[in-house]
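A.B. asks: Chains B and Y, in that order, give the protein sequences.
Position one of the first sequence corresponds to residue 5 (this note's numbering), numbered consecutively onward.
Position one of the second sequence corresponds to residue 5 (this note's numbering), numbered consecutively onward.
By construction, these hints were calculated from the structure, which means they are not laboratory data.
Please read these numbers as outputs of a predicted model, since none were measured by experiment.
The beta carbon of each residue, even a glycine, is placed where N, CA and C say it ideally should be.
Don't take each hint at face value.
[Claimed, not checked] The list that follows gives simulated cross-link-like pairs (lysine to aspartate or glutamate, EDC-like), each with its CA atoms no further than 16 Å apart: (1) B/K139 <-> Y/E46; (2) Y/K71 <-> B/D217; (3) Y/K229 <-> Y/D217; (4) Y/K65 <-> Y/E82; (5) Y/K229 <-> B/E69; (6) Y/K71 <-> B/E227; (7) B/K71 <-> Y/E227; (8) B/K121 <-> Y/D122; (9) B/K229 <-> B/D217.
[Stated by the list, open to error] Have a look at the derived ranges for each label pair, beta carbon to beta carbon: (10) B/D170 <-> Y/A169: 40 to 48 Å; (11) Y/T232 <-> B/A169: 29 to 37 Å; (12) B/S22 <-> Y/G40: 51 to 59 Å.
Protein chains: 2
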Amino acid sequence: MGIADQLAVIPLFEGLPSEHHQTLARIAMTRSYQKGQMIFAEGDEGTGFYIIQSGRIKVFKISPEGKEQIFHIFGPGESFGEVAVFTGQGFPAFAEADAQSSLLFFPRQAFVALIRKDSSLALNMLAVLSRRLQKFSALIEDLSLKEVPARLAAHLLYLCEKDLADNKISLDISKGQLASLLGTIPETLSRIMSRMSRQGLIRMKGSHITILDRQGLKDIATEGKKLT
Amino acid sequence: MGIADQLAVIPLFEGLPSEHHQTLARIAMTRSYQKGQMIFAEGDEGTGFYIIQSGRIKVFKISPEGKEQIFHIFGPGESFGEVAVFTGQGFPAFAEADAQSSLLFFPRQAFVALIRKDSSLALNMLAVLSRRLQKFSALIEDLSLKEVPARLAAHLLYLCEKDLADNKISLDISKGQLASLLGTIPETLSRIMSRMSRQGLIRMKGSHITILDRQGLKDIATEGKKLT
DNA sequence: CGCTCCGTTGAAACGGTTCAACCCACGTGG
DNA sequence: CCACGTGGGTTGAACCGTTTCAACGGAGCG
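Construct the complete structure from the given sequences, taking the supplied hints into account.
C.D. replies: See the structure below:
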């Protein structure tokens, strides 16, 4: 399958006329990364942005003491690093391959030139950034307004929705990473999960989680009920 | 001064040919709000976005228990509510007039039509959203990775930079609001500020703050040093 | 004068982190 | 095949920063 065909099915470029996919494919470059390899660091100049063909990318920040907060884990078809392209202020976070990954890189100059010509591409881009802004709003809300049990409950329900899985979730990231994604540490996550099990809200077996009491989790997610 | 002239000097529309300012002025509607009046609520349908002519707008979320986290306080020339225009998913937060304010409202449909025609407007918009995304990144980082003294120190230094004020800052919002902006509560803010005074980092007199030890604040902002 | 609103201060409670120990699955090399 | 080390996950106890609750002070105002 050619690159243009891949581009046609990702959110950022869907709905564009196919000759645009050709043009986009022409300016894209393929890059491969090993697990653990850094793609860019906070403050690096934003020379372009990336789309994931395969693999998984972790975007995060690190505190002076070394604690890491994962902002997002991106999978195939998603894009990242667009922000720096438009602000010209360098990347605001780190990006690292969380698994062997293959990416498409779109150089800043060439891409901006394309946007300048085609406003429907610009509109798609605006939609993607807006959606990300909404996600960030939710994350900020969670971090500042809710405690960890609520964030975990919400995340579990989210995973369940996303995978259309019938109450059965298999974590595709380590619990340590999940902790960082929720803005906490493995120990705390572990304790809260065992409390949830003890109360019959979930069942846990390694990285497999079964939701037993959906309503109970919802109550906790909205902080209508507390986890004793 | 006509609306078109006002539009010419705000970031979102600067650099556009003046006939575009005319067009934009034509689709804009003026709206006035009393202090405390709500502009939109979380979840409201995003029928358009706003630009501030005068006054001040507070954008925030509220937890189930009523605690509020201020996301941003916007002043004249700034825009807000754009996100909902492009996601079509409703506003992600509340907006309320923090003072008697006059706003320009741009209806969704008409504005999107303009963007579709003029890609340089789209590029400006992309830049604005990208910058906001960067701000959110910083806020998330602060909330999850730093403690309150660091956030306060960073904010004071930021205010000082912004106003080009030589170490003298006059808070234009209440300390309660500042607390919410920093993701904490008035009591905690008060305690930390008095600790900072006691250590000779700042001097405080009502809403006037003088920075006495810039380097000391920087050390605390980066958590290289702690506030005893 | 007395009211309210905002800011401040103190004591107690809480949620989360830190530090340390431990378990277990897994892979490696003797 | 087993001993060993390693890394992820779990558990306990002490600790720490922040919040909560309550009380109080001062500024502004009818």
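A.B. asks: Does each hint hold? Answer for all of them.
C.D. replies: Hints, verified against the model:
no., hint, verdict
1, B/K139 <-> Y/E46, "14 Å, holds"
2, Y/K71 <-> B/D217, "28 Å, violated"
3, Y/K229 <-> Y/D217, "13 Å, holds"
4, Y/K65 <-> Y/E82, "19 Å, violated"
5, Y/K229 <-> B/E69, "11 Å, holds"
6, Y/K71 <-> B/E227, "12 Å, holds"
7, B/K71 <-> Y/E227, "12 Å, holds"
8, B/K121 <-> Y/D122, "9 Å, holds"
9, B/K229 <-> B/D217, "13 Å, holds"
10, B/D170 <-> Y/A169: 40 to 48 Å, "59 Å, violated"
11, Y/T232 <-> B/A169: 29 to 37 Å, "50 Å, violated"
12, B/S22 <-> Y/G40: 51 to 59 Å, "52 Å, holds"
Consistency with the previously given hints fails for numbers 2, 4, 10, 11, ordered from lowest to highest.
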